[in-house]
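Trainee: What follows is each chain in one-letter form.
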Amino acid sequence: MTIGVVEKPAAPTNHESSLEEHSTMHLVELLLKDESRVDELNRVPENQRELLPRFLFIAQASYLAYSLIMLLVINLAPQDSDPDRLIRLPPAGWQDGSGLGLLLAYNLGIVLAACVCLPSFYFSSLLAGVRLTWLQIVSLIAKGTAANSIMLLGILPIYVTVVLGGVVLAAPEAELQWMIKIGLMLPFLAGLWGLRAIYEGIMDLHDVGGQPDCSKRRCFLRRLTLSWAAVYTAVLPIMIYRLWEFFALGMTT
Amino acid sequence: MSLGQLLMLHLMAGAGAGVAGAVYLTARRRTYAALWFQVVSALLFWPMYLPVLLSRQATTTGDPETGDIPPAAADDLGRIIAQVDSELDHALGSLDGWAEDVLARENGRLLELRSAWTSQAQRIRDMDRLLERPEYALAGEPLALPGAIDPGDRLRASQEVIRQNIERLRQVRQRTYADLLGTLSWVRELASMIHLAKFTGAPPSRAEELVAQIAAAVEGLSALTWEDDRAVKGMDWRKKVVVTS
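Residue numbers (the numbering used here), protein chains in the order written: chain A, 1 to 253; chain B, 1001 to 1245.
Please keep in mind that the hints were generated in silico from the structure rather than gathered at the bench. Don't take every hint at face value.
[What the hints assert, rightly or not] Computed spacing ranges between beta-carbons, pair by pair:
| no. | chain 1 | residue 1 | chain 2 | residue 2 | range |
| --- | --- | --- | --- | --- | --- |
| 1 | B | VAL1161 | A | LEU126 | 52 to 58 Å |
| 2 | A | ARG242 | B | LEU1006 | 54 to 60 Å |
| 3 | B | GLY1097 | A | ILE238 | 30 to 36 Å |
| 4 | A | GLY154 | B | ASP1126 | 45 to 51 Å |
| 5 | A | PRO119 | B | GLY1093 | 40 to 46 Å |
| 6 | B | LEU1006 | A | PHE220 | 53 to 59 Å |
| 7 | A | GLY154 | B | LEU1054 | 41 to 47 Å |
| 8 | B | PRO1134 | A | LEU226 | 40 to 46 Å |
| 9 | B | GLY1014 | A | LYS33 | 28 to 34 Å |
| 10 | B | GLU1160 | A | LYS33 | 58 to 64 Å |
| 11 | A | LEU189 | B | HIS1010 | 48 to 54 Å |
| 12 | A | VAL162 | B | GLY1097 | 42 to 48 Å |
| 13 | A | TYR241 | B | ALA1104 | 45 to 51 Å |
[Stated by the list, open to error] Facing chain B, from chain A, some residues (calculated, C-beta under 10 Å):
| no. | residue |
| --- | --- |
| 14 | PHE57 |
| 15 | CYS115 |
| 16 | LEU176 |
| 17 | MET179 |
| 18 | ILE180 |
Glycine included, each C-beta is placed from N, C-alpha and C at the ideal position.
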């Protein structure tokens, strides 16, 4: 028995395959501290099936916390009395149940917008010559959404402190309304972190796939990620606004 | 609501329900909460789960594009691996409540061992396909030169090297096959020992020892890979010497 053959790189290594050891909370920690390890886990197809619901859970739990806090902030601030304001927010009250619209809009909208954009992500990467499977794209987007939601939770305490300060110190109504709008845009700010996570994931797949390391290619992948982000950023606000409006009006009528 | 909107809603709801049902049937049941989260999220976000379901099917049926053959492939080697895999699963499953800690510890290496079998079987299939090619099946046959041209010593030497290399490749194939079967037999023996140990009241440490031995089989395979690499390098070197002399 002197000659045997095993293609080690093709097999998931001990390190890669040990997803069982990671609880969802540990995954959150890894997303913050050791993202390359998450990419390592996420690159194994068997793990992708396990990780997708966990990423979704992290995103949904975080967005639920975020939207609850935003609902609280909106109800604490004085009502918008200017009818000529450029963007008027749909109602989000405790009493009439329209606040549920805000919760549902953010929790559903974030993932539904990604679902709407998936075919575009897939076909644009195929047209660009990047050989990503649909599952790889889904797992990358899910990881990006989870990373984004964790960052959002990180920013939230700072934002809440500022807004509560404004409420307590009786800041002018117009300023508070702007603060609320900035708060509603926080997912987009945190989205930059998610975008970075997606880019890192793509680069990881690119490097592991044994593609030639050429700076032109890297630049191209960066542009591809940015174009994905542009599509998503265009779809997401409309999706959230329409869902919020739909659910809020549905609750009040 | 117009008829078009109603139809669209109906289709979307149907797709969501279909994907959620499929997720329910195929999901690994860890906890009910996790299962229900998957089902509800699949109902709402079914486009995210659809690739997961489709890829699961692709894995179990093999990928014709890449030529990957699933473990339970229709050839003899695939069937043997599937059988040993199932016996190993059964043996490891019997550790529940007796020595389950060792499973958590060795899980990574056991997964690695299983994929090593599959890789090795695939390698054997690849070698078989190569050796069946006409140019290698007739290795050693002289080149069909036009007319009465004398091939000369250089061509004859080259022909001899090709024949030797093909012969060496055949030996590598035979030994790889024998090694794989040897490892599979060894794992079967150890799996049966786990059953025996359990029903003869052996202490959990005995089970741990047996599982560790099974997991250690992968290290043996890794060591052999290095040996193989060295052998191949040796062959390349020898070939260069013959060609340049």
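Trainee: Taking the beta carbons of GLY154(A) and ASP1126(B), is their distance inside 45 to 51 Å?
Mentor: At 50 Å between Cβs, range holds.
Trainee: Okay, PRO1134(B) versus LEU226(A) on CB: inside 40 to 46 Å?
Mentor: Violated - the Cβ-Cβ distance for PRO1134(B) and LEU226(A), about 51 Å, lies outside 40 to 46 Å.
Trainee: Given CYS115(A) as an interface hint, is the shortest Cβ-Cβ distance to chain B below 10 Å?
Mentor: holds (4 Å)
Trainee: Taking 54 to 60 Å as the hint, is the beta-carbon distance of ARG242(A) and LEU1006(B) inside that range?
Mentor: Because 18 Å falls outside the window, the suggested range is violated.
Trainee: Taking the Cβ atom of LEU1006(B) and the Cβ atom of PHE220(A), is their distance within the range 53 to 59 Å?
Mentor: violated (44 Å)
Trainee: Assuming the hint says 42 to 48 Å, is it satisfied by the Cβ distance from VAL162(A) to GLY1097(B) or not?
Mentor: violated (55 Å)
Trainee: Can you tell me whether the CB distance of GLY1097(B) to ILE238(A) sits inside 30 to 36 Å?
Mentor: Since GLY1097(B) and ILE238(A) have Cβ atoms about 54 Å apart, the given range 30 to 36 Å is violated.
Trainee: Take a look at whether the Cβ-Cβ distance between GLY1014(B) and LYS33(A) falls inside 28 to 34 Å.
Mentor: Given a distance of about 42 Å, which is not inside 28 to 34 Å, the answer is violated.
Trainee: Hint LEU176(A) vs chain B: min CB-CB distance below 10 Å?
Mentor: violated (33 Å)
Trainee: Do the beta carbons of GLY154(A) and LEU1054(B) sit within 41 to 47 Å of each other?
Mentor: violated (35 Å)
Trainee: If you check the beta carbons of GLU1160(B) and LYS33(A), does the distance land in 58 to 64 Å?
Mentor: Given a distance of about 60 Å, which is inside 58 to 64 Å, the answer is holds.
Trainee: Given ILE180(A) as an interface hint, is the shortest Cβ-Cβ distance to chain B below 10 Å?
Mentor: Constraint on ILE180(A) not satisfied, violated at 27 Å.
When held up to the earlier numbered hints, the structure conflicts with 1, 2, 3, 6, 7, 8, 9, 11, 12, 16, 17, 18 and fits the remainder.
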